[in-house]
Amino acid sequence: MNNKIKESLFIAGLTLSVPVAADAVNKEQQMLATHIETHEELRAKKLLNSAVEHLIKNGATAVKDFNNKEEFIDNELYVFSLTLDGKFLASGGSSLVLVGDTVLDTFDMYGKYFFREMVQKAKRDGGGDVEYHWHNPTDRVASPKRTLFKRVGDIIVAVGYYPVRANAFQAKTLLDKATVELKENVKQALFKFNNLDGQYVDGDLYIFVVDTDSKEYLAHAISRSFVGQTYEDALDDSGEAAISKMLDVVKEKPEGEIDYIWINPITNRKETKHTYFRLVDHYLLGVGFYKPN
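Here the numbering used here is used: the first residue of the sequence shown is 1125, the next is one more, and so on.
Take these hints with a grain of salt, some might be off.
To be verified - In silico lysine to any residue, SDA-like type, Cα no more than 20 Å apart, as pairs:
(1) 1274 x 1223
(2) 1269 x 1369
(3) 1301 x 1223
(4) 1247 x 1229
(5) 1245 x 1259
(6) 1369 x 1356
(7) 1307 x 1406
(8) 1339 x 1361
(9) 1415 x 1382
(10) 1274 x 1178
Claimed, not checked - Derived DEER-like restraints, expressed as beta-carbon distance ranges:
(11) 1326 x 1241: 23 to 33 Å
(12) 1307 x 1381: 18 to 28 Å
(13) 1249 x 1394: 49 to 59 Å
(14) 1296 x 1173: 33 to 43 Å
(15) 1311 x 1194: 50 to 60 Å
(16) 1185 x 1365: 54 to 64 Å
(17) 1244 x 1322: 36 to 46 Å
(18) 1194 x 1378: 47 to 57 Å
(19) 1356 x 1200: 42 to 52 Å
(20) 1381 x 1192: 16 to 26 Å
(21) 1161 x 1377: 35 to 45 Å
(22) 1336 x 1278: 31 to 41 Å
(23) 1185 x 1244: 43 to 53 Å
(24) 1392 x 1173: 13 to 23 Å
Keep in mind the hints are simulated off the structure, nothing from the lab.
By construction, the Cβ of each residue, glycine as well, lies at the ideal position given by its N, Cα and C atoms.
All chains should be modelled from the sequences, with the hints used to inform the complete structure.
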């Protein structure tokens, strides 16, 4: 084949591939949900910042204060700390038994070496968060726990909390409430559904609405950029398939339920979501909850 023809085909291929790749990236970015700071997360951040300030002000020896001072315990929340080489220094909670141990080889019930991840992130980023399963004193089982941490010199200061997750009953209840609202006044209902601080956003629960005629999103408080776009334009392949499936179902029956992968606005991670949906006039109305790992 002529070299010029080869070159032309190569350039044409690049021209075609760039928009496709860019479109995929844009959709991925677009599907990043607005992070919702729960009451538990805000409490954990406040306690963590207080502990960090204490350590900066009083030096490394002040780490012992995390063991017993009331100011570093907030009901079920407590401060703990370890060194960058994994030596556990202090804790105001159940992990007090680890003080003096090197914990880099400690793993949760699923084999996750979460302390290693903490150390790696602290060295690289100066702080962050990590998720793992830990004994929850409220229900006496290993539950998903999220820990926030910051590096102060060679010490990692941390506070963990158990994210409150919605359940099936709460999702169904919110869907029923939204159905009544939508039937009474569509314009007013959509305004309420899109209000991030309103009654239709509760933790990781929120309402979404898709017009079955235009295929456009009319409501999505967590990802407001979706509103006004068709679901094909707004979503990646996985999300598009989920909405398509819901639309197919409501052609045959008034409501249904489905599992798919979606970003949890509380954890900012992709998780399995179970959504209940129904047809109200020509609107696909849905709300889902995230299943525990």
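Taking the hints in turn, this is what the structure says about them:
no.	hint	verdict
1	1274 x 1223	holds (19 Å)
2	1269 x 1369	violated (33 Å)
3	1301 x 1223	violated (49 Å)
4	1247 x 1229	holds (18 Å)
5	1245 x 1259	violated (23 Å)
6	1369 x 1356	holds (13 Å)
7	1307 x 1406	holds (11 Å)
8	1339 x 1361	holds (15 Å)
9	1415 x 1382	holds (12 Å)
10	1274 x 1178	holds (13 Å)
11	1326 x 1241: 23 to 33 Å	holds (30 Å)
12	1307 x 1381: 18 to 28 Å	holds (21 Å)
13	1249 x 1394: 49 to 59 Å	violated (21 Å)
14	1296 x 1173: 33 to 43 Å	holds (38 Å)
15	1311 x 1194: 50 to 60 Å	holds (51 Å)
16	1185 x 1365: 54 to 64 Å	holds (56 Å)
17	1244 x 1322: 36 to 46 Å	holds (39 Å)
18	1194 x 1378: 47 to 57 Å	holds (55 Å)
19	1356 x 1200: 42 to 52 Å	holds (44 Å)
20	1381 x 1192: 16 to 26 Å	violated (49 Å)
21	1161 x 1377: 35 to 45 Å	holds (38 Å)
22	1336 x 1278: 31 to 41 Å	violated (58 Å)
23	1185 x 1244: 43 to 53 Å	violated (26 Å)
24	1392 x 1173: 13 to 23 Å	holds (20 Å)
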